[in-house]
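Q: Based on the provided sequences and hints, a complete structural model is requested.
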Amino acid sequence: MAERRTLESTLSGSSMTGSHESFEYKPTAVMPDVKVVKIGGQSILDRGRAAVFPILDEIVAARKLGIQVVLLAGGGTRARHIYSLASELEMPTGVVATLGKYIPMQNARMIQMLLAKHGGIYMLPDDFEKLPLYLQMGCIPVMSGMPPFGYWEKRAEGSRIPPHRTDAGVFLSAEFLGSPRAIFIKDEDGLYTDDPKKNPAATHIARITSKELIERNLPDVVLERVVVEYLPRAQWCKELQVVNGLKPGQVLAALKGEDVGTIIRA
Amino acid sequence: MSNLVGGDGRTHINSPLMRESLQNKDVLSSTDSERDLQIFPDVSLVSIGGQSIFDRGKDAILPLVAELVEIKKDKAVKMVIGVGGGTRVRHTISIAADLGLPVGGMAQLVGAMEELNAILLNTLLAPHGSMPMQRDHFWDLPLYFDAGITPIAISVPPYHFWEPPPEEGHLPTHGSDFGLFQLADVLGMKQAIFVKDEDGLYDKDPKKHKGAKKFGKITLAELMTQFPEDNILDQELFHAWRTAKNLKRIVIVNGLVPGQLTRALRGEDVGTVIVKEDARG
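Order-wise, the sequence lines are chains A and B.
Numbering (the numbering used here) for the first sequence: 1392 to 1657.
Numbering (the numbering used here) for the second sequence: 770 to 1050.
These are computed hints drawn from the structure, not numbers from a lab.
There are no misleading hints in this set.
DSBU-like mimics (lysine-lysine), calculated; alpha carbons at most 30 Å apart, straight line:
(1) A:1638 / B:794
(2) B:1017 / B:983
(3) A:1492 / B:794
(4) A:1647 / A:1455
(5) B:1017 / B:986
(6) A:1602 / B:794
(7) B:794 / A:1589
(8) B:1017 / A:1492
(9) A:1588 / B:794
(10) B:847 / B:827
(11) A:1638 / A:1455
(12) B:1017 / B:973
(13) A:1602 / A:1638
(14) A:1508 / A:1638
(15) A:1629 / B:794
(16) B:847 / B:1045
(17) B:1014 / A:1492
Here the structure is a predicted model, which means the values were calculated and not measured.
A: Right, here's the structure in full:
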């Protein structure tokens, strides 16, 4: 029988199924100065003009200061609606994740229309390779926050909601670009001990590590759980910042690098 | 009655998940049930190894193509084929890792190497009826099967730039084995057959250890208690299979031995058969 014809490389003999690495890895950051920013779906976009316009004003102000911003949109109530129909029909998680791609895309397109006069440009998920051009031209790229996993999204234990949604997309984008902190604009001051909309006794947590957060095993958290799980393994994106977009000045402060809201550290 | 609900500054659509945090554990579990919809339960997925088959060249590839042509004569056999990338994937990743490219960058690159093997296979199989299937054009599958065309699927999952940071090391973990497993699971297929260059899965790498013992028919739970350190399939596949609801049967056969793939497609226990707990019969 013919032998395997193998290209010599540090991995040529490897089954690549384990983690026995025999090389030194010195990471290279792709675009470390970019701020990757999420605009929440249910928390911001579903509030309409009253919430969205002031936030976009602050983003445009930051861009005018030379701060490079990429915006990623969340889903919100329409995503919850389709998830709930699909769950009733016992759709596999991969189908649910595919359905979940459409709403953040709509939201990204809405933001682009509003930002067009300030250089807002709609970007497809695989267009990271065009970012240098957009940012050098002074644009504000806007894209869906949903990772492109779609039908390839794994099922989570005990739920058919896709575990990687738009928070995960924001974190993974920041990690790929080599950005040290991902910023999430929501309608709360950050992380609480429980959902503050339902539990008035919930108290604010300003600083926490991902390890502490996992150990607390809170019934509800402000960000998707996979993001908190991935954070300690990140090469670059080692901080998650959650800010309240309904409070004037918070978004701009966060974009300038100030420690407002909650910061979750690896 | 309007389906739109306001009052808290946000506009909601009435649904059981309205206003809910999708991070809440109780909300998440309310979406679950014992089963997932099975879309194509009479279809088998066939994965042909990159290192194990394609990298051996003509002597390994042509007999397997001849076997596939024979199999195709039985119109009742419905299959989707995927291929691995083999040594070129390893070469790509070793260069990319030396350059320090992020794991998402590596994941974005590797799919091209599998695609080359898919083109080779399709070129050989096209005269007998085969076509490359676009990424997620699953809804064309009934048409393919009706027309006697065998679809060749893209095997690397579209994790691309968003490949999550691995638990250990620096390499992408969502490769072609996982991608094809996931395809079979999400579509509710009958089984996934992995065509390699060994008679099945062994407790040790049979290429390095003479006394390596082959698993015959085994449940996933049993296998997890004695998981081989060197595995012929990606770890991520087994990781995902544990929480998956649909796929019940994975078969590993030797593509260098004529007839094994044919038997596996007929549902016979050949090579190593791994079954999910409740499906052992």
